[in-house]
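Using the sequences and the accompanying hints, generate a full structural model.
Number of protein chains: 2
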Amino acid sequence: MKWGIIATWRMAYEGIMGAAEDLSQGLSAKDALENTIKAVEDYPFYKSVGYGGLPNEQGIVELDAAYMDGDNFNIGAVAGIQDVKNPISVARKLSNNRFNSFLVGSGATAYAQKNNFERINMLTERAKKIWENRLEEMKNSNLSPYDGHDTVGAVCLDKNKSMVAGTSSSGLFMKKQGRVGDSPLSGSGFYVDSEIGGATATGLGEDLMKGCLSYEIVRLMGEGLSPQAAADKAVYEFHDKLAKRKGKAGAFSLVCMNNKGEWGVATNVEFSFVVATDKESPKIYLANKGEGHTTIIEEASQEWLDAYEERIKRPIQ
Amino acid sequence: MKWGIIATWRMAYEGIMGAAEDLSQGLSAKDALENTIKAVEDYPFYKSVGYGGLPNEQGIVELDAAYMDGDNFNIGAVAGIQDVKNPISVARKLSNNRFNSFLVGSGATAYAQKNNFERINMLTERAKKIWENRLEEMKNSNLSPYDGHDTVGAVCLDKNKSMVAGTSSSGLFMKKQGRVGDSPLSGSGFYVDSEIGGATATGLGEDLMKGCLSYEIVRLMGEGLSPQAAADKAVYEFHDKLAKRKGKAGAFSLVCMNNKGEWGVATNVEFSFVVATDKESPKIYLANKGEGHTTIIEEASQEWLDAYEERIKRPIQ
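Line order of the protein sequences matches chains S and L.
When you line the first sequence up against the UniProt record's numbering, it's residues 1 to 317, in that order.
When you line the second sequence up against the UniProt record's numbering, it's residues 1 to 317, in that order.
Since the hints were made in silico from the structure, they are not lab data.
Since the structure is predicted, the reported quantities are computational estimates derived from the model, not experimental observations.
It is possible that some hints are incorrect.
Stated by the list, open to error - The list that follows gives simulated cross-link-like pairs (lysine to any residue, SDA-like), each with its CA atoms no further than 25 Å apart:
1. S:K114 with L:K30
2. L:K241 with S:N97
3. S:K85 with S:K139
4. L:K241 with S:F99
5. L:K244 with S:S28
6. L:K161 with S:R245
7. L:K129 with S:F99
8. S:K260 with L:K241
9. L:K244 with S:N160
10. L:K233 with S:K244
11. L:K241 with S:N96
12. S:K114 with L:N142
13. L:K93 with S:Q25
14. L:K233 with S:Q58
15. S:K161 with L:Y146
16. L:K246 with S:F99
17. S:K233 with L:G224
18. S:K93 with L:L242
19. L:K244 with S:F99
20. L:K93 with S:S106
21. S:K114 with L:M138
22. L:K114 with S:R134
23. S:K159 with L:K159
24. S:K244 with L:K30
25. S:K114 with L:Y146
26. L:K159 with S:G247
Rendered as structure tokens:
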């Protein structure tokens, strides 16, 4: 029986290692996806998701997450939640609500409190130092302060043919208080239909929500396109449209999987992602935009992986 | 030269009267749409939008709004903003930002403060009484407390062929603190592309965001469907899908207009809406789901209008 999971960025690898083992033994997509994203949220060296995530301009870590069940389209989401260890778990719980399933700001935090979700101060010493350094740099330059919008997004298929999608992000580094990107927004940050497949996004949320690309990729897969063809068509056509109409397009990268465990990816920047299926052990890939509307995909080299490891753990002065 | 505006619910009528006059004289869609929605926000007897809007379960009015420019896809949005007279104007201003264009909770309110948007206590005496009465009723019944999710959403075309879309809502009456519906979510609450057309939604936000129906209607118009055919196809197919997969579908109603000023509507409940174009003076219509995937549209009778007027102004004990 088929199963599979695909997720954005190298950072999902450890979580997917566990999920692959669990899915092969029959764990539900619901649990496997939540576990995968929790592993990313919990790892302190991933600075754009969960614990260790970079703060907003005031030094406060505000987190966004969403969870969607492809069987019944139930969605749970939070935005601007503070000091909650696992936003993805809050989003999953909210997805069971018929009403009040998307909560923001202090309302989201209060919900997590009342429902006994673990609270911790999500601002690590390392993230605080990076924030302080950036404040210092900004005094001395006119550079845009915004950087680091690497959401973890995942799509998962289990042996019972159920599919789920989820996202988690600390959002744009140095964002304004209360800023929300695409991650908790259905159709933009994620979308999944167990009878077709799912997709999820990472990149500049303000531009991603202009295109509803996760919805569009799922729709195209529903019309019979392969995941790779669907991703290429949706992502590059929208990139061109935005470049023409707005003058420029921010970075965005999408991954998708259909209900047969086949997958695809498209991106307008260099982008790493992780896949595991019943046919393929967990692997880290790099994707780049190719000629025309195509994507070049290669396995990440040991050299790339070593450089990544060194970069995320580099001491902060 | 063509122009047009369509908006959800009877409550948009006065605003559209003004907008029709202004659009015929060449006012931009940007201004006409903002003025239309401001008129609804400012009118104290509309209890689901702006001033006079019903509060959350704690008695606090939390407002959502969005604005989208169909020329360049710029989007601005707020969710859970408090005590700001015109959320639509805040959303419009945010749409000019490349970053931080969607703000929620206290961050949204702080932005409005810093940018000198007018503050007023948005909880009217009338809304407070309705809230108190509902709290009392809830003590004595097991009825769902949720009601009144009548968002104003509008799509506007001007003589320069620019199109914009916008929404404003106080959300679900008795919602949990921080609850957000579809209104500020691109693709679900609204979507517009000046080269095609726009659409906007009202209804149960938790279900609307499962379908990305505003995006889907615009996409179908882009494939050449008339606005009415696009609305019928998107809305009723998704209604059936949700009923099958989830067991039930909440109320939802969508209106749309293409870049020729032609319009359409589809709904799974009785639903009023307002249209004006260069060919048609402002009119209030009622829509109902017909046989198969069709919509029955008729002009609102004087009797219906009188009953509406009496209902919204009925004294609250």
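Unmet hints by their number, sorted upward, for this structure | 1, 3, 10, 13, 14, 15 and 23
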